[in-house]
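Make the full structure from the sequences, and use the hints.
Protein sequence lines correspond, in order, to chains D and E.
With the first letter of the first sequence counted as 1, position 69 gets the number 72 in the working numbering; the numbers rise by one all the way through.
With the first letter of the second sequence counted as 1, position 58 gets the number 61 in the working numbering; the numbers rise by one all the way through.
By construction, these hints were calculated from the structure, which means they are not laboratory data.
Heads up, some of the hints might be wrong.
To be verified - Now the stretches of chain D that chain E is said to cover, found in silico as 3 or more residues with beta-carbon under 8 Å:
id, segment
1, 31-42
2, 107-120
3, 127-135
Don't be surprised by glycine CBs; every beta carbon is placed ideally from N, CA and C.
Number of protein chains: 2
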Amino acid sequence: MQKQYNLSKNQKIIFDIIDKSSEPLKAYSILFNVQKKGIKAPLQVYRALDKLVEIGKIHKIESRNAFIACQNSSCQISKATAFSICESCENVSEISNSKLSKYLANFADESGMKYNKYNLEFFGLCKKCKSK
Amino acid sequence: MQKQYNLSKNQKIIFDIIDKSSEPLKAYSILFNVQKKGIKAPLQVYRALDKLVEIGKIHKIESRNAFIACQNSSCQISKATAFSICESCENVSEISNSKLSKYLANFADESGMKYNKYNLEFFGLCKKCKSK
DNA sequence: AACATTATGTAATAATATAACATTTATAAG
DNA sequence: CTTATAAATGTTATATTATTACATAATGTT
Numbered sequence: 004m005q006k007q008y009n010l011s012k013n014q015k016i017i018f019d020i021i022d023k024s025s026e027p028l029k030a031y032s033i034l035f036n037v038q039k040k041g042i043k044a045p046l047q048v049y050r051a052l053d054k055l056v057e058i059g060k061i062h063k064i065e066s067r068n069a070f071i072a073c074q075n076s077s078c079q080i081s082k083a084t085a086f087s088i089c090e091s092c093e094n095v096s097e098i099s100n101s102k103l104s105k106y107l108a109n110f111a112d113e114s115g116m117k118y119n120k121y122n123l124e125f126f127g128l129c130k131k132c133k134s135k
Numbered sequence: 004m005q006k007q008y009n010l011s012k013n014q015k016i017i018f019d020i021i022d023k024s025s026e027p028l029k030a031y032s033i034l035f036n037v038q039k040k041g042i043k044a045p046l047q048v049y050r051a052l053d054k055l056v057e058i059g060k061i062h063k064i065e066s067r068n069a070f071i072a073c074q075n076s077s078c079q080i081s082k083a084t085a086f087s088i089c090e091s092c093e094n095v096s097e098i099s100n101s102k103l104s105k106y107l108a109n110f111a112d113e114s115g116m117k118y119n120k121y122n123l124e125f126f127g128l129c130k131k132c133k134s135k
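And the structure:
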């Protein structure tokens with residue numbers, strides 16, 4: 004059962020715009036889109052983004068500096084994320100594959116390091132772009 | 004057998020400084036360090052970095068916007084990368100684990116997407132930081 | 001109510017990265 | 001060797017991404 008967080012005003016505004024978007028959004032594009040709602044400064048956006056990432060409502064696509072809503076209801080916090088990214092149309096989707104996540108969550112090597120978090124980004128061509 | 008590329012002057016300078024570093028380097032820190040060698044502008048650094056990434060001599064740590072030399076002699080191009088990152092001391096090392104790389108290289112899901120590249124970043128505490 | 005924590009507002013600035021254009025050097029082809 | 005082509009360089013300006021610092025307000029806890 005996922006803990007319910009009460010999002011603050013800015014957090015709600017910014018989560019909604021990301022959640023409704025069909026593509027990852029960048030911070031300044033979010034800023035532009037929420038200026039009519041009274042959010043004027045980058046920091047207001049970044050603070051909300053930080054919090055939303057922390058509580059797992061959104062994820063950052065590191066290779067794109069962009070944010071998408073979590074598409075995985077069981078994903079409580081952003082500590083195990085995997086994405087597929089089309090290098091042609093830039094479509095991004097979150098992969099939820101239990102074998103993959105188990106494999107990665109249990110991964111250990113000889114370094115003696117205990118991993119508590121990972122982020123995986125796969126790149127390729129999506130169906131549509133492949134057939135072009 | 005890895006193809007030999009003849010690095011250009013700037014590429015050599017910038018590769019050397021990354022290769023000698025014990026930690027990932029950021030573009031502007033590289034710039035600062037090579038100014039005495041005549042490289043004055045960010046673009047000169049970024050162009051060399053782009054090329055070095057392209058040919059697999061270095062990798063970008065996306066979550067840190069920093070670059071490290073490839074530590075894996077068989078890694079010809081940067082299409083299958085995995086790193087372990089200590090969240091305390093920020094030590095980064097490249098993981099070369101054939102099981103992991105086979106697993107990921109062969110990963111396919113129901114999306115119909117064919118992946119030709121991936122990047123994986125694991126986070127945790129390294130041995131030293133764990134025992135503190 | 002008092003306290004602590006979290007969120008907000010605002011201005012300034014730092015850090016990261018690219019566009020555009022002119023020129024030079026290296027490589028390949030005839 | 002010389003012409004053509006591609007790759008790399010130099011330079012200026014600017015775009016994009018992100019944080020510092022400081023003041024205030026709202027919310028949650030005891």
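Hint check:
With 0 residues having a Cβ less than 8 Å from any Cβ of chain E, the segment 31-42 of chain D misses the three-residue criterion, and the hint is violated. Counting residues of the segment 107-120 of chain D whose CB falls under 8 Å from any CB of chain E gives 10; the rule of at least 3 is met. Requiring three or more residues with a Cβ within less than 8 Å of a Cβ of chain E, the coverage given for the segment 127-135 of chain D holds, as 5 such residues are present.
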